[in-house]
Structures are given as structure tokens and as C-alpha cells.
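Go ahead and model the full structure; you've got the sequences and the hints to work with.
Top line first, the protein sequences correspond to chains V and W.
Per the numbering used here, the first sequence starts with residue 216, numbered consecutively.
Per the numbering used here, the second sequence starts with residue 1226, numbered consecutively.
In case anyone wonders, no lab produced these hints; they're calculated from the structure.
Any given hint might turn out to be false.
[Stated by the list, open to error] Partial chain W-side listing against chain V, Cβ under 8 Å, derived:
| # | residue |
| --- | --- |
| 1 | LEU1250 |
| 2 | PRO1260 |
| 3 | GLY1263 |
| 4 | ARG1277 |
| 5 | ILE1280 |
| 6 | GLN1281 |
| 7 | ASP1351 |
| 8 | LEU1370 |
| 9 | HIS1374 |
Think of the CB as a built atom: it goes at the ideal place given N, C-alpha and C, for glycine as much as any other residue.
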Amino acid sequence: MTTPIDNRIESILREMTAESKDKPRLWQVALRSASRKSTRNALQRSILKLANRPLATAASLIIATSVTIAAIAFAIPSLSGRSARATRAEVRAQVSSLTVDESGFRYDAGGLVGRDQLTLRSPLQPYYDTNVDGVSDLWGAIRSSDTTPTQFVCPSMGNFYADAKDEVAYKSDLRGLGEEMRIYSADAIRESLIANDENSDKTGPADRWLANGAASQAPARNDASAGRQVIRRATIELKTSDVRGAFLKVQQLLEVGHGEYIENSGIHGADDRMTANLTLRVAAIRLSDVLNQLRELGEVVNENMIGEDVTMRVVDIEARLRNERQVEAEVLQLLETRKDAPLEEILKLRQSLATIRTNIEQMTGQREQLARLVSLSTILVLIRAGDPPPAESPSLWNDFVNALSKAWRNGVGFLGAAVATIISVLIGGLVFWIAIIATLFAVRRRLRNKAQN
Amino acid sequence: MEPRLGETSDEILLRRFLDGRKSALGELARRYEAPLLGLARGLLRHRDELARDAIQETWVRVIRFGHTFNGDAGLKTWIYRIAINQCRDLARLNQRHETANDDENKTESRASTTRPDNAAIESERDERIRAAIDDLDDAKREILLLCYHEGMTHSEAAAALEIPIGTLKSRLHAALNELRESLDREAL
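Following this line, the structure appears as C-alpha cells:
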């Protein structure tokens, strides 16, 4: 039963905790205070927030770290193990390292990628604008504004030359990276063409060039019949609708009995973009026959042939070989007649004999190699279905499109490499990430306990 | 359509505040700051500055640890629990100082709560009751003040003190008995 005193107690208790009449707005003070404290405890709160979502946090951390590493790796090409792609400046730098030797001048086209416009200058030729494609199955063009014919030698594509103000389109059937291109002087070409073209058919461009007067400057061709040793290399480019059929027919032209064989071959693309290439080694005496048969397989778009006269080299090797053999015989005779000589002298003679025999073996090998090259000519056959894409003329628009294309390739390449790097960081740093997640869990538990207390 | 702040539940207000709306905290304060300050004054024996400090710190903790509120109890209970803990902490921190100046403080305190017409019998009786309440130990005093705090149910009080409601009722009964006995002894 409630008494008056109880009522009064209750009333006083209510009065003692009655709502405050004043409005100090302490929450606003607290808000400012918390803001100041938040600055002081920013790190602690960040950790708490991160610890509340350890998995998401760890994933974000991993991705951020990986992307950062990838970005740094790309920013410093040496870290990513990728060499910088050739830039215009680098290409020009390469070209500026042109060297001139007896055969003309040469530059190394290795490392060129994309459609880099080159301007070559040399004492021998006014200039060449070369559009070099570093990717397979792309086409390039070499234009010569010189008034003298110029020979171009590319191991991957065979040899060709540009006539005066002629424009020669060529296809690099290899990747073009690291390919060596040699540009011979007009004199060197003239000499080799004149010396080695006695059996060539007069229908190719080389023959046309010879027929146009260059041959008139040639020494007597009869020299060729006087035991000349000539390595012949021909290139023929055909256009036909049936690339595959022509490709197969070319292979059937070889006669195994003469030791002929296909050095390499390949067929690429499809439909109008299908191309095929074969490098044939045929008997020198059958070179003209094989070329004639090749011309029947399609429309001849381009054809050229060069010959490298190695007669002097062969003669030189033979002479040195004879000399070395003579010396070898003399040393052997000495050894026979001076059996009572001191051991030291005998050892010296044997040492000399060993050196002489090594030289003889090397020269014999060189002579055989030259003999093989002379006996088997090389024909590079290029077969394609359609016309090659026209060489792009330099213009602002082309530059823009090329730059855009390069940027796209670089971008896609970067993205792919970045993803690969992220994956490698994810997997490689597994132990590290596990440690981070465990730490976040521990921190969360600790901070929660602290907050609850 | 989003309900007005005045119609919104405490929990949603907290969530909105955590999402960056400071006005949501203002609405929570409008609901609870005055009652909390009154309770704190009672718990801290009418030391106004301490009470303000306690409630300010309560809001600081709501702001800082609002994200840890898990909804096991109501937000009101959670805030009151923080406020009570703050009052306890402050009372404990000031205990030494309070003990040293106990007599002086009591005189000042009672003087401040004494009405000008304290000659009246009722006023004398009320004064005796207040004195008896203040003489109770902290735990009993806390139970009494919380249970008779305006708008606080026994269930909410039990939750705020983190004790079962049965325990609360028995402690309340014991505290009232002690208070009555104290008053009876004083009357004799």
C-alpha cells in the first residue's frame, strides 16, 4: 500500500532526474570534439573501419598494391623486363649508325615495329624513304629517288633492287624483327648482275635493267664460262587466285636427284589475304628452267635475281689451301729427317703441324660450303592471292591513325600485362595477404572489445 | 517519400547520421539530451558541470562508436547505458576530491536546493528525503533515480544497467526499504 511519504519520495526522485530546462546543445560540442578527436585518431578509426570488413579490405589492398606495382613496372621498362618499343627517335638513331663498307652501306633493321617512317641518308644514295613493318604479313615499300639502280638485300625476303625512281613493294614474310637489310651501292649491283646473269631469262626486272644499258657496261660475259663460281639468289613474286594449288605445284618442281630441296616454306592467311612463301634450293644448272616453270604458276608481280661472284674467294681459298698443304708436307718431312732433334723442337713442329691442319680443315669446309652454294641456287617464291595494300603516303591523317593504332595496341598490351602482374602478385604474395587479413581480424576484435568496454 | 526526422525511429536516425547527416544526430539529441542531462545531474549529485561533461562525452561516444551499435537493445537503452557509465566514471574520478571536501560540498549542495521558505514543514520533509537519498550508497541511489526517471520503464532501466528485470525490482524494493528506514530513524 502506497503511503504519502512514498508518493513524496517518488515525486522527489522524479524531480531529481527531471529533464534539464536549459538547452546546452551538448551534442554540437560533442560533434566538434569528435571531429578534433577524429583527426587525432584517424589512423585508429581507419583501421577499425578496415577491420570490420577484412576480406573486402584485403582484396582492395591487394588490387591497389598490384596495380601500383604494375604501373611502376611499366613506368620503368627495365623492371618489367620489356624493352622499350622502338620510337621514332630510336629508329632515327639506328639509322644514323649506318656504316659504309666496300659493298655499300648497311643498317640493322632489327627492333623496328609498327609503321615507322625512316629516312635514310648516305654518301652513296641521296635518300630512301622506308616504310618498315615489324609485323608479319604486312607490306612495306621502298622508294628510291636516286638516279642509279639500287640493290636491296633482305635475307628473309630474298634480294631485289629498285630502279631509278622506281617503287618496289615488298613483303617481309618473316617478322622483320632483327632482320638485317643490306643496301648495296649501284656499282656493286652492276658488278654482280653483270658477272652472274649469263643464264638469266630476259623477262625479269633484273634482265630489263640489264637490257636497258647496264649490260653494255659489263665486261665480256665469256668470263662466266671460264670457270666462274657464282652463288645465285632469285626472288619471284606471283599473284594467283589459287595460292594453295600454286604452293603445292612449286614443291613438285624440285628434282631430288639433283639434290634439290625446300629450305623453308609457309602458308598464311585466308581468302584474299592468303600468302605463301617457299625458299627453294635448286641445282644451278636448272635455275632458269625452274624460274620459267614458276612464271607459269601465276602472274609475275615482281622478280629479281642477283649473283654473288665467289670465284676470287674460291681461287683464294684454293691457293691458300695449296700453300698450307705444301707447308704441311714440309713440316712432315722435317719431322722425318730430324728425328734426333731436341724434344722441344719436335714439339714445336707438331704444334705448327696441328695449326696448319686446322687451317686446312677450315678452308676445306669453306670451299665445300661455297661449292654447295654455287651448285644449289636459292629461289624465294612469294605467292599471294590479292594485291598488296598500297604503301601509305605520309600525311597528318595517317600519322594520326598510326598513332591511334599504336596507342590502342600499347593500351591493350598494358592492360594484359597489368592483369598478369596482378595475378602474379596475388599468387606470389599469398602468405603476405593471409598475414594482413589475420592482422585485420585481430585488430577488429581488439577495437570492438575496447569500444564495448 | 522519406519520413520526417521527427517521425523516424532512433535506429534509422543513427544510421542516417553515420551516413553523414548531422541533423539526424540533432534530432536524437532533441529527444534525449534534456532527459539524459537531468538523469546525470541526479546521478552526479547535482554537480552540473560534471553532468554536462558526462552527457557531452556520451554524445562523443555515440558519434565515435555509433557504427558498433548492433541493435541487440534499443538505441535509447544503448545511449542511456553509455551515459550511466560516463556518470559512474566521472563520479569515481572525482571521488577523492569529493571525500576531501565532503562536508563542504554537502552543505553547498543542500543550500543550493533549499527553498527560501524552508521553514515550512513540507519543505523540511522534502529536504530530509533528498538527504536520505543522497546518503544511500551509489548502487541503490542509481536504481532509484533510474527507475523513477521520467519516461524510463523498468525494462529499459534493467537493460541500461545490464541486469535482469527481476534483479532490478528486488534491488528497487530493497533501496526503497532502506530509504524508508532511514527516514523513520531520522523521524525518531
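Notebook entry, point to check: Minimum Cβ distance from W/LEU1370 to chain V below 8 Å?
Noted result: holds (5 Å)
Margin query: Given a cut of 8 Å on the nearest C-beta pair, is the interface hint for W/ARG1277 held or broken against chain V?
Written below: W/ARG1277 check passes; min Cβ-Cβ to chain V is 6 Å, inside 8 Å.
Margin query: Checking hints one by one. Is W/ILE1280 an interface residue toward chain V, by the C-beta closer than 8 Å rule?
Written below: It holds, given that the least Cβ distance between W/ILE1280 and chain V is near 5 Å, below 8 Å.
Next item on the list: Tell me if W/ASP1351 is really an interface residue toward chain V, meaning its C-beta lies closer than 8 Å to one of theirs.
Entry: Holds, about 6 Å.
Next item on the list: Answer holds if the nearest beta-carbon of chain V is closer than 8 Å to that of W/GLN1281; otherwise answer violated.
Entry: For W/GLN1281, the interface hint holds, since the closest Cβ of chain V sits about 4 Å away, which is under 8 Å.
Notebook entry, point to check: Do the numbers back the hint for W/LEU1250, that is, is its least Cβ distance to chain V under 8 Å?
Noted result: With Cβ-Cβ at 6 Å, under 8 Å, it holds.
Next item on the list: For the hint on W/PRO1260, just tell me whether its beta-carbon gets within less than 8 Å of chain V.
Entry: With Cβ-Cβ at 5 Å, under 8 Å, it holds.
Notebook entry, point to check: Close enough to count: is the Cβ of W/HIS1374 nearer than 8 Å to one in chain V?
Noted result: W/HIS1374 check passes; min Cβ-Cβ to chain V is 4 Å, inside 8 Å.
Margin query: Under 8 Å is the threshold here; is the Cβ of W/GLY1263 close enough to any Cβ of chain V for the hint to stand?
Written below: With a closest approach of 5 Å, the W/GLY1263 hint holds.
Every hint, counting from the list given before, is met by this structure.
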